[in-house]
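If you want the building blocks of each chain, they are given just below.
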Amino acid sequence: MTTIGVLALQGAVREHIRAIEACGAQAIEVKRKEQLDEIDGLILPGGESTTMRKLIDSYGFFTAIQAFGEQNKPIFGTCAGLILMASEIDGQTAAHLSLMDMKVARNAFGRQVASFEATLEISHVADDFNAIFIRAPYIMEVGPEVEVLATYQDRIVVAKQGHYVCTAFHPELTDDHRFIAYFVDMVEESKETLASSM
Amino acid sequence: MTNIGTDRVKRGMAEMQKGGVIMDVINAEQAKIAEQAGAVAVMALERVPSDIRAAGGVARMADPTITEEVMNAVSIPVMAKGRIGHIVEARVLEAMGVDYIDESEVLTPADDVFHLRKSDFTVPFVCGCRNLGEAARRIGEGASMLRTKGEPGTGNIVEAVRHMRQVQSEIRQLTAMSADEVMTFAKDIGAPYNLLLEIREAGCLPVVNFAAGGVATPSDAALMMELGADGVFVGSGIFKSNNPEKFAKAIVEATTHYQDYKLIAELSKDLGAAMKGIEMSTLAAEDRMQDRSE
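As you go down the protein sequences, you meet chains A and B in turn.
In this text, residue positions in the first sequence follow our numbering: the first is 1024, and each later residue adds one.
In this text, residue positions in the second sequence follow our numbering: the first is 34, and each later residue adds one.
Note that these hints are calculated values from the structure, not bench results.
Among the clues, some could well be false.
Among the chain B residues that face chain A by a calculated CB cut under 7 Å, a handful are [said to hold, decoys possible]:
| hint | residue |
| --- | --- |
| 1 | Met46 |
| 2 | Met49 |
| 3 | Val73 |
| 4 | Lys279 |
So the derived label-pair ranges between C-beta atoms look like this [unchecked claim]:
| hint | chain 1 | residue 1 | chain 2 | residue 2 | range |
| --- | --- | --- | --- | --- | --- |
| 5 | A | Arg1178 | B | Ala212 | 44 to 50 Å |
| 6 | A | Asp1177 | B | Thr98 | 51 to 57 Å |
| 7 | B | Glu62 | A | Thr1174 | 46 to 52 Å |
| 8 | B | Leu304 | A | Gln1094 | 35 to 41 Å |
| 9 | A | Asp1199 | B | Ala209 | 30 to 36 Å |
| 10 | A | Asp1177 | B | Thr141 | 44 to 50 Å |
Glycine included, each C-beta is placed from N, C-alpha and C at the ideal position.
Assemble the whole structure, with the sequences as input and the hints as a guide.
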């Protein structure tokens, strides 16, 4: 069975676990870096990116997550997870995990009072996806290898680069599991590819 | 179609704070220390609860200068307290762009009968609760997040423990109930009937419930997580300690890894003196902040 881990240092972990299970895969909370060996794909959930980064450093996750990605295992970042995956953050000298070739802006739509729900058209996933944006970031620029899957008011909010994918919104907060199902499919495909190449 | 201020957006914001620590701060410098230590949000205040307790008199919304200073200093969310039932303080905080408002019994209530109709606002609210009835009334008024009331500014965890256990025990009672018993239960605890049906069906509250009011050590924070809190508010504990940086970081890590007892032992070493604290039986009835509203 395909097992997907959710980085459980802080944030909306439970919702992702529920969504993964609803899509027929097994889900585990990842609290220690050794657990990365037990999973086929990883979700970096929403939460506070600065808090998660501190805890990633405290518990040796930084290079462990990068190494996980280098094995071609899929990683999906939502909101704070998207910020952690970016190679450049607007207004900050240093980025975090630098998994995807893109520049992002934090809290880019404004403070909490500006948080919103909107219907999105997402390539490969749905043309009517109700997306929940909470103090959300967006992607300002992407490199040549990054595919843009959705925009909202001309701003990039969903992107994919090979086995990495990210959303500025929170697909785990509704009962519409189509985006999580898309990631579960990515993980299942990569698992088959990795098994046949061994 | 774009919608702001929906339940999902307001409750979702609190979901993102889960497993984290929200710290009381009174200026930009403290806010930066909190952010550096890994706080998921800060609560901007003029005085921390133990100083409000010591000062006496009427405690009100903080001077907007302080709140603005804190908002400009950090990129994590900023919460602020308004008095219970004070529509204008809440509107002022909303207009300033505060990310969450705590309609708080730590301040002197402006209305001793009615709470705010929080569903009228775009900004989300957090409120205190001691039991399921109080929790359900606040959700009914539109609160998007709850916290135990505990007894603020005492450094004594006993009341927060009581309130967390009480809410959970009543939820268990409710979920075991047959449907025809719910209306009478709703009457007895003063809770909206339809909301109780929803909680009975889901087996949990529809919003997150943090611990607050008396957390003074990393072990206290871990205890509240053990008892089922979604996260922790720390008020007077951090910046009343000898080494706030170390103390704040220890509380954050103990909250994340609340069942890693060896780690909590390490984190608790050489933190210096925690708050002196107040034993409940020495607190006069009029000094109990938790009884200021229901």
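To see whether the hints hold, each was checked on the structure:
The closest approach between the C-beta of Met46 of chain B and any C-beta of chain A is roughly 5 Å, which is under the 7 Å cut-off, so the hint is satisfied. Restraint check, Met49 of chain B versus chain A: the minimum CB separation of about 5 Å is within 7 Å; hint holds. This hint holds: Val73 of chain B has a C-beta 4 Å from the nearest C-beta of chain A, less than the 7 Å allowed. Hint status for Lys279 of chain B: violated, given a least beta-carbon distance of 13 Å to chain A, over 7 Å.
Separated by about 47 Å at the C-beta atoms, Arg1178 of chain A and Ala212 of chain B satisfy the suggested range of 44 to 50 Å. At about 37 Å, the CB distance of Asp1177 of chain A to Thr98 of chain B disagrees with the hint of 51 to 57 Å. Separated by about 40 Å at the C-beta atoms, Glu62 of chain B and Thr1174 of chain A break the suggested range of 46 to 52 Å. Range check, Leu304 of chain B to Gln1094 of chain A: about 40 Å between beta-carbon atoms, so the 35 to 41 Å window is met.
Range check, Asp1199 of chain A to Ala209 of chain B: Cβ separation about 32 Å, and the 30 to 36 Å hint holds. At roughly 48 Å, the beta carbons of Asp1177 of chain A and Thr141 of chain B sit within the given window of 44 to 50 Å.
Consistency note: the structure conflicts with the earlier hints numbered 4, 6, 7.
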